[in-house]
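Each residue of the sequence shown is one higher than the one before, counting from 876 in the numbering used here.
What the hints contain is simulated information worked out from the structure, not anything from laboratory work. We put the beta carbon where it would ideally sit given N, CA and C, even for glycine. Be aware that a few hints might be false.
Claimed, not checked - Here are the simulated EDC-like pairs of lysine to aspartate or glutamate, each with C-alpha atoms no more than 16 Å apart in a straight line:
| hint | residue 1 | residue 2 |
| --- | --- | --- |
| 1 | 876 | 892 |
| 2 | 901 | 913 |
| 3 | 905 | 917 |
| 4 | 901 | 936 |
| 5 | 876 | 936 |
| 6 | 876 | 917 |
| 7 | 929 | 906 |
| 8 | 876 | 913 |
| 9 | 901 | 917 |
Said to hold, decoys possible - Quick list of the computed label-pair ranges, beta carbon to beta carbon:
| hint | residue 1 | residue 2 | range |
| --- | --- | --- | --- |
| 10 | 916 | 964 | 28 to 34 Å |
| 11 | 897 | 926 | 29 to 35 Å |
| 12 | 881 | 928 | 18 to 24 Å |
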Amino acid sequence: KAVNTAVEHIITQPFSEWPPLLGYNKLIAKENSQVLAEINGDPLLVMGTYHKGKVCCFASDCSPHWGSPQFLQWEQYATFWCNVLHTIKK
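Please work from the sequences and hints to get the whole structure.
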């Protein structure tokens, strides 16, 4: 089950629980990045920078492959993705 590790961040602040996810890619967060959520102890949602921009890595899926029906119908789904895009825009 996914858990927030940065509960006050604009992306994860609106919700305290994640719906189930059906899978994810294992990744290693780079030094100086911020892990916002983890799943099974692995980074799930990571924020960082690249040159002058901001980047966000979501290690699962926003569509039915690894996105469970609960995730796709989650009441926070649109808010989550809008907050991700708002955060990384310049």
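**Report entry** Ascending list of hint numbers which this structure does not respect
**Finding:** No numbers; nothing is violated.
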